[in-house]
Every structure is written in structure tokens, then in C-alpha cells.
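Novice: Got chain A sorted already, so can you dock chain B onto it with the hints?
Residue numbers (the working numbering), protein chains in the order written: chain A, 1 to 115; chain B, 1 to 114.
Don't take every hint at face value.
[Claimed, not checked] Listed next, the in silico BS3-like pairs over lysine-lysine satisfying Cα-Cα at most 30 angstroms (straight line):
#, chain 1, residue 1, chain 2, residue 2
1, A, 49, A, 102
2, A, 61, A, 49
3, B, 14, A, 49
4, A, 102, B, 57
5, B, 44, B, 9
6, A, 49, B, 9
7, B, 44, A, 102
8, B, 9, A, 102
9, B, 14, B, 44
10, A, 61, B, 44
11, A, 61, A, 102
12, B, 57, A, 49
13, A, 102, A, 68
14, B, 9, B, 57
15, B, 44, B, 57
16, B, 44, A, 68
17, B, 57, B, 14
18, A, 61, B, 57
19, A, 49, A, 68
By construction, these hints were calculated from the structure, which means they are not laboratory data.
Take a look at the letters that make up each chain.
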Amino acid sequence: AQSVTQPDIHITVSEGASLELRCNYSYGATPYLFWYVQSPGQGLQLLLKYFSGDTLVQGIKGFEAEFKRSQSSFNLRKPSVHWSDAAEYFCAVGLYGGATNKLIFGTGTLLAVQP
Amino acid sequence: NAGVTQTPKFRILKIGQSMTLQCTQDMNHNYMYWYRQDPGMGLKLIYYSVGAGITDKGEVPNGYNVSRSTTEDFPLRLELAAPSQTSVYFCASSYRGAVGDTQYFGPGTRLTVL
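If we strip away everything but chain A, and leave its shape as in the complex, we get:
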């Protein structure tokens, strides 16, 4: 069955440090992959998505993610974290489910940023 795994439940980084959030997926075909961010008290906002082409995808707020088929991974990265990046991050796989697409979400990674 299709699934998404985010191995890190909680990560703390210092402001200005680099960040990598891990995401692994299980899916038989080439997946559609998404990263969403949920700031406190807010809904989910799309950071970036991948479905073909260049395996390094640029998103908003200085984030990027790299699709690695051999590792079934789609890790999210940022070279220098800002305090405002503290939020929960969700990786998701998009599937065609008949009448509409469906998103299978990972369990999320909560990012804390130390000053």
C-alpha cells in the first residue's frame, strides 16, 4: 500500500543553521510529491511539489527538495533557518483515486528553532 514516512517527529536547529527534513515514500509508480508547512494556528501551505523533470525542486521561503528514486526519498532542505520557520512540516504523496486526486500524508515533523 502507498505510504509516506517521516522518521523525525521533532527536530531542533539553531537559527542560521542548515536544515534537512527526511521523507520516504512507498509507491509503485513515479509519485507526485509535496511538502506542506503548517504554522501554529494556521492551515497547511504548499512549500513545493514534484512530479517530473529536474529532481531538485525549488519552493517558497527558500526551501528546496530533492527527489531520489533509488532511495524513495524526497527530503526537504534549507541552507539557513530563520526563527519564522518554526512549524510542522508534512510530506505527502499524490495519488489518482478515481474521481479525484488523493493526498497521503506523513505524520509530520515539528521543527523548533533556537535563537
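Specialist: Chain B in isolation, oriented as in the chain A frame:
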């Protein structure tokens, strides 16, 4: 352009009570979705709609009902609330239902059933 709006933001229900969670989008999107988010879990799809008058079940539909009388509104009804329905509920919309389409999310409704 408000995007996707949800009311109320918070609600406490007693077991057996009913309520309706409201969701409205002003982006003229055809597709709308309801998700629930439980602690330590990813979002699970409850119901979705591909247009006015058309709805279908998602992964966890039991205990919920929906309707879609207009393009803009997609209310979620809880009948006979149970503690297992304590969760954060998100409404989302997308222009189409294609796999790569972006879903736009509302701010959520935090529901507690006691």
C-alpha cells in the same frame, strides 16, 4: 481573496450532540475536501466533492455527513458526537482533481468531544 475559510475555530461538544463545521472557498474551485488530523498522525481524508451536488467518501467517513449545494460551500456534519471524533478538521479545495493539483487549506477547526 480570502481563500478557504472555516468556522468555528474551536468547539467543545458533549457526547451525543451534533454540529456542523462550515467551509467556504472563494476561488471558484470545483473540488473540495474534508480532512481530520489526529495528534502524531498525518491528515486523513473524510469526504470530498467534485462539484456542486456530488460528494463521495474518503478514508474515514463514518460518523460524518456532507453536502455540496453550491460551489463555494462544503459543510461537514457530525451526528451523535463521540470522543473518537476529537480532532482538528481541515477543509481544502483545488481547481481540478488532477494528481499534481495544489490543494489549498483552511485554518482548521479544533473540536473536542467530552
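Novice: Please go over all the hints and tell whether each is borne out by the structure.
Specialist: Going down the list of hints, with the structure as the test:
1. 49(A) with 102(A): The hint holds at about 14 angstroms.
2. 61(A) with 49(A): Satisfied, since the Cα-Cα distance of roughly 14 angstroms is no more than 30 angstroms.
3. 14(B) with 49(A): Violated. Residue 14(B) to residue 49(A) sits at ~40 angstroms, over the 30 angstroms cutoff.
4. 102(A) with 57(B): holds (12 angstroms)
5. 44(B) with 9(B): holds (19 angstroms)
6. 49(A) with 9(B): Status holds; Cα separation ~28 angstroms.
7. 44(B) with 102(A): Holds, at roughly 10 angstroms.
8. 9(B) with 102(A): holds (25 angstroms)
9. 14(B) with 44(B): Holds: residue 14(B) and residue 44(B) sit about 23 angstroms apart, inside 30 angstroms.
10. 61(A) with 44(B): holds (26 angstroms)
11. 61(A) with 102(A): holds (25 angstroms)
12. 57(B) with 49(A): holds (26 angstroms)
13. 102(A) with 68(A): holds (22 angstroms)
14. 9(B) with 57(B): Between residue 9(B) and residue 57(B) the Cα gap is close to 24 angstroms, so the pair holds against 30 angstroms.
15. 44(B) with 57(B): Cα-Cα ~12 angstroms, so holds.
16. 44(B) with 68(A): Holds. Residue 44(B) to residue 68(A) sits at ~26 angstroms (cutoff 30 angstroms).
17. 57(B) with 14(B): Roughly 25 angstroms between the alpha carbons, so the hint for residue 57(B) and residue 14(B) holds.
18. 61(A) with 57(B): This hinted pair is violated, its Cα atoms lying about 35 angstroms apart.
19. 49(A) with 68(A): Since the Cα atoms of residue 49(A) and residue 68(A) sit roughly 14 angstroms apart, the hinted pair holds (cutoff 30 angstroms).
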